[in-house]
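Listed in order, the protein sequences are those of chains A and B. Here the first sequence is numbered in the working numbering, starting from 1 and rising by one per residue. Here the second sequence is numbered in the working numbering, starting from 313 and rising by one per residue.
Derived from the structure by calculation, the hints contain no laboratory data. By construction, the Cβ of each residue, glycine as well, lies at the ideal position given by its N, Cα and C atoms. No incorrect hints appear here.
Label-pair distances were calculated between CB atoms; the ranges are:
1) A:310 x B:586: 16 to 26 angstroms
2) A:309 x B:586: 22 to 32 angstroms
3) B:526 x A:4: 24 to 34 angstroms
Which bits of chain A does chain B cover? Going by a derived footprint, with three or more residues having C-beta under 8 angstroms, they are:
4) 8 to 18
5) 24 to 30
6) 129 to 140
7) 143 to 157
8) 269 to 275
Read off the chains here:
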Amino acid sequence: MTAYIIRRLWQMVPTMLGVILLVFVLFNWVGGDPAYVLAGKISNQEQIDNIRRQLGVDQPIWVQLWIFIKQVLTGDFGASWSTNEKVSSILATRLGPSLTVLVPLLILDTLFAIGLALAVAYVRGSLTDRLVMIVCTIGLSISVLVYIIVFQYFFAYKLGWFPVQGWGNSFRENLFVFSALPILIGLAVAIAPNLRLYRTFFLDEINQDYVRTARAKGLSENRIMWIHVLRNASIPIITHLMAGLPGLLLGAFLIERFFSIPGIGREVILAVERSDFPVIKALTVYVAFATMASNLLADLMYKAADPRVQLK
Amino acid sequence: MANGTTLGSSARISREIPHSVSPGLWALAWKRLKSDHVGMVSLAIVVAFVAMMIASGLGLIARDWAKETGVNYAPPSFIGADIEGGTPAAPIAPSAPAVEYKTEVVDPLADALAEIKGEKKAAEAGAPAAGDSGKSVDPLADVMADIRKDAKGAAPEVAEARSPTLPLGGDKWGRDVLKKTIKGSETSIFVGLAAAAVATLLGTLFGAAAGYYGKWVDDAFNWFYSVFNSIPYLLLILAVAAVLQQKGTLTIILILGLTGWTGTFRLIRGEYLKHKAREYVQAADAIGASNLRRMFVHIFPNVSHVVLVQLSIYTVGFIKAEVILSFLGFGVPVDVVSWGSMLNEAQNELILGKWWQLAAAGTAMAVLVTAFSLFTDALRDALDPKLKGLAGA
Numbered sequence: 001m002t003a004y005i006i007r008r009l010w011q012m013v014p015t016m017l018g019v020i021l022l023v024f025v026l027f028n029w030v031g032g033d034p035a036y037v038l039a040g041k042i043s044n045q046e047q048i049d050n051i052r053r054q055l056g057v058d059q060p061i062w063v064q065l066w067i068f069i070k071q072v073l074t075g076d077f078g079a080s081w082s083t084n085e086k087v088s089s090i091l092a093t094r095l096g097p098s099l100t101v102l103v104p105l106l107i108l109d110t111l112f113a114i115g116l117a118l119a120v121a122y123v124r125g126s127l128t129d130r131l132v133m134i135v136c137t138i139g140l141s142i143s144v145l146v147y148i149i150v151f152q153y154f155f156a157y158k159l160g161w162f163p164v165q166g167w168g169n170s171f172r173e174n175l176f177v178f179s180a181l182p183i184l185i186g187l188a189v190a191i192a193p194n195l196r197l198y199r200t201f202f203l204d205e206i207n208q209d210y211v212r213t214a215r216a217k218g219l220s221e222n223r224i225m226w227i228h229v230l231r232n233a234s235i236p237i238i239t240h241l242m243a244g245l246p247g248l249l250l251g252a253f254l255i256e257r258f259f260s261i262p263g264i265g266r267e268v269i270l271a272v273e274r275s276d277f278p279v280i281k282a283l284t285v286y287v288a289f290a291t292m293a294s295n296l297l298a299d300l301m302y303k304a305a306d307p308r309v310q311l312k
Numbered sequence: 313m314a315n316g317t318t319l320g321s322s323a324r325i326s327r328e329i330p331h332s333v334s335p336g337l338w339a340l341a342w343k344r345l346k347s348d349h350v351g352m353v354s355l356a357i358v359v360a361f362v363a364m365m366i367a368s369g370l371g372l373i374a375r376d377w378a379k380e381t382g383v384n385y386a387p388p389s390f391i392g393a394d395i396e397g398g399t400p401a402a403p404i405a406p407s408a409p410a411v412e413y414k415t416e417v418v419d420p421l422a423d424a425l426a427e428i429k430g431e432k433k434a435a436e437a438g439a440p441a442a443g444d445s446g447k448s449v450d451p452l453a454d455v456m457a458d459i460r461k462d463a464k465g466a467a468p469e470v471a472e473a474r475s476p477t478l479p480l481g482g483d484k485w486g487r488d489v490l491k492k493t494i495k496g497s498e499t500s501i502f503v504g505l506a507a508a509a510v511a512t513l514l515g516t517l518f519g520a521a522a523g524y525y526g527k528w529v530d531d532a533f534n535w536f537y538s539v540f541n542s543i544p545y546l547l548l549i550l551a552v553a554a555v556l557q558q559k560g561t562l563t564i565i566l567i568l569g570l571t572g573w574t575g576t577f578r579l580i581r582g583e584y585l586k587h588k589a590r591e592y593v594q595a596a597d598a599i600g601a602s603n604l605r606r607m608f609v610h611i612f613p614n615v616s617h618v619v620l621v622q623l624s625i626y627t628v629g630f631i632k633a634e635v636i637l638s639f640l641g642f643g644v645p646v647d648v649v650s651w652g653s654m655l656n657e658a659q660n661e662l663i664l665g666k667w668w669q670l671a672a673a674g675t676a677m678a679v680l681v682t683a684f685s686l687f688t689d690a691l692r693d694a695l696d697p698k699l700k701g702l703a704g705a
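Isolated chain B (complex conformation) (with noise of 0.2 angstroms):
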């Protein structure tokens, strides 16, 4: 790749003397990148889950996740199989229809069942049948039916249509687990990366500003930093929430981008202060680069891969902390879904012995963080060999 663009034209001259040029940081960073296999499947996993918030974002998939395609907590399809089959295979089936909340619900089986029993009964005997049948199980079921039948018109049609098993499950209205959790994980990682970029944006500028220039700038911008770093994150991030009433997307990336920046801040700090005395600098500075050129044309290139490194950390720590904003309610509105309100919707439905939504919100989370966090240290051995061992291992 820098072969190519130090020497013009051809790659054809480069294969014949391979060592004339020395390859570029990113070329010989990717050439690591690339021998290290976990770092590898780590990336793949990434950008796949990168390209689903994109097409997700885009309207591509789960457009519809919104659409109560199948019947209220509807089974995942894998343990619904045998419930679609018709014949009752679960144990406790006889005692099925009086199957209540209260007492505690063992086999998750027997209440799908109970509610597949619900909902046949309800097809049969149209739409008042469906408020009462559905009680026994369902405390919100009259309220459901009300719901449903403002916002469809006609309620026994909606009972048809539906599907008795999603693949993921469904949630308390019936609607497809696995479109939300797309659509879920759109929010998540978007707003992961957006406050990510604001936050390195930000940590970029004042550290650069800060060591570059020393002096009072120095001291100005330490005072800053020591004043936010001496709140704790979480409860700076709930008073900036307290403050910010109104909700939405971009309050949370804002929220979670300008509180989060100290710690790229004293690295990039740190690393414009050793540079500026370097001799690259001051032959910069002889040939009449001005300081701001000096700052983001000369030296910044030459930090760049903190930079990256740093991106990549904060987009972790964004989405965790996300995920709790709005599990908490602090976050993103109620009219978008995300992995932290999904998560929030399953806390209750777990009692109910609905497990699913939990566990496709929790693995989508715990496998794109995984695959992220290796990732981040995957980049960072690659970019700076020398700090390899020191956190792997």
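Isolated chain A (complex conformation) (with noise of 0.2 angstroms):
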């Protein structure tokens, strides 16, 4: 086990370097010179030249790598361009309010979607599976967008029943106030998608010769949707919600947008329009990282729900 975890970290190391030469090439090279984005409009030369000292974009490509790495490494990508506020800062202080966000929506995502997944694929084949099948279709192909204006406008702005927009300075007020109608619009959003993927799961295990043995022996068909269908349908669905799993760091972009909540994703669209390169790039490089982590950590959990899995 320790091997295996071991070799996989090793393995690693090449994606890892490749991710960082992605984002240099992309930054420093495909960006154009990135004083001149720094500088803007009113720069001349002097103020280029001594911007370009300070990036160390006047030193050859190979050292300005080598910083990179270094920033990589030590986690000090220096200031943001636009606020001067440390990036380390930045990414430390906007976690918490995009987390706030999106595990209570990960966790009630996934109860939901398994849940009715289940009871779905139980009926498969009638009416309301069909009509199930029907709206998640169409829930599908509505833009996020619109439910996001919608929701907003109907039950904050119109019944009030939500603040429109905002975010406090309380864990609780944020998490059952602020918090809610943007966790209810994830739900609307997200639970299509994976309601419609976890009951095809359902059904690949719903067939099988275990299922009929089990019936056969007498148990009661709770027990066997929910003990014997869900723990072997479980691998595919821990793959799913484990690539999900970095999405945590990133936030959801358009709803902390939308809800102005300080959290990662308002970060990085206000740092793409503000041409906030150090921001995107630490943002870009540890999220790679992190996704690395959470395929191991999906990997790792396969073993847990299933012991005929080998690990190799």
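Reassemble the complex: the two chains are provided individually, in unrelated frames, and hints are given to aid placement.
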């Protein structure tokens, strides 16, 4: 087990280097000279030279790459170009609000989607099943934007059940007052695709021999569905969940933007709008690392979910 | 279809001996697709949208989408009908001129009424009054009056020429929402299709090379794939958007296409791995076919159905992505209308009770995306019957 984890971590090194290289090429070459982006319109040559020296872009390319790698390793990306806040502190302070919205959302979404999918898979082929699938397909096709705009208008602006937007200082207030509507919207958006996906996972299992055997030995339908089928369908579900886990670090771009939640997603959009390269660079690299880590975690969880899985 | 091509001239012969030649993959798939009613209906809708896109692109329809043909926020005709009649049918009518946007507006009709009254007054009093009477209704009225004067020269004429209602309503400047929606579909569908073509092409080329050559080529492409795949898609798009400074339809096609190839790569690579060991490829090798010929003349037709389905899946995804990017302002430039930019305008309009632009853009997109997804499912079932039941059931 330990050997497996060490080998997997070792295999991540080339990919990590690749991500660093990709981000470096993107922001130092494709994006043009960062000094010009930073200096903006009111720049003379002297200022630009000054900035170039500060950023290290007057150095040869391999020195620049080394500077970037050092930044990644030490976590010190310097200060934001637009607000002068340290990038590390931006990431640290924005993570909390993102997680406040996304963790409850992920938990509720998973519980609802699994429960509903099991129910629908149980009555597969019936009118209920078909209706739910039709609703899901149409629900999937409506733009996320429409959900957010309409929900925000209707529930917050028109009915006044929730604050239109904002963020407070206490965790309780944030979770129960300001996050409530964003979580509701997130559920409306996320349940349809997940329900559809999980249903197919359950359908794959529901016709297996072991289900018939379980039924033959007189187990209750509840036990068959919740214990036997769910456990066997858990591997693809875990894969799917783990694939979405790094998204927690990213926050929900659109929801955070609409509701003025000071999370990472909103920060990314702001950074792109302001061409704030250090923030985007830091986020891209770290979220990529987190993705790799959660992939490894997913593989380890397979083993826990299904002892037949051989880690090699 | 396939009979005709193999037997050369006559369909008559193939009718006499129906089983002499087995129909090709595409003919069979088309037959299966035709028997799938949902698939055919959604195909018809998709074709209609694409036809609309082409017609709009050629300038046959919605050419004058930017023309301000209606009054500001002209309501859709079906709810504007009784306003046109002149007698105020809405119960809140007496208070209508006093309606302000600060107070919560319950009935969209009231606004419409207020505006039409404002417009009528404006038409009577001429240009300077247009600004004043508009003020109570629209905070931007002054600015707009100026813009209109600048643009058209004589403001009163314009005010007279405008119609109080439009088929699907009007936007802030009185532009026809129906025409905007058509023009927006041109942008959104074109970006979706073109970006899907770029992504599928890249994914196919990379996947073919990796799967066919194997060894270090495979390793290199797999490394490339894992690098791209470890960065969450939306973040990657935004990072590229941040770097590419100039906005444009081409830029967004490139962004989506260059970042989106990974899914196709994985599938096509797997297919090529499977196919390169088959007998027909060995036979091609034996008759001296070159590597490229084996890859694209011999193997490619056998994996082309995967490519087609991928193209279809991508188009749906990219249409959605384009709408979000344009909404955020990272997509098409401001002078190009897209469903995303319409939704962006609609966001502020909704608070004023003007729901029609949101409804038009949202519905158009939902209909297209629903039809396209259903068509994709049908296409996959038709091309690869083995998969049937896995996704749909």
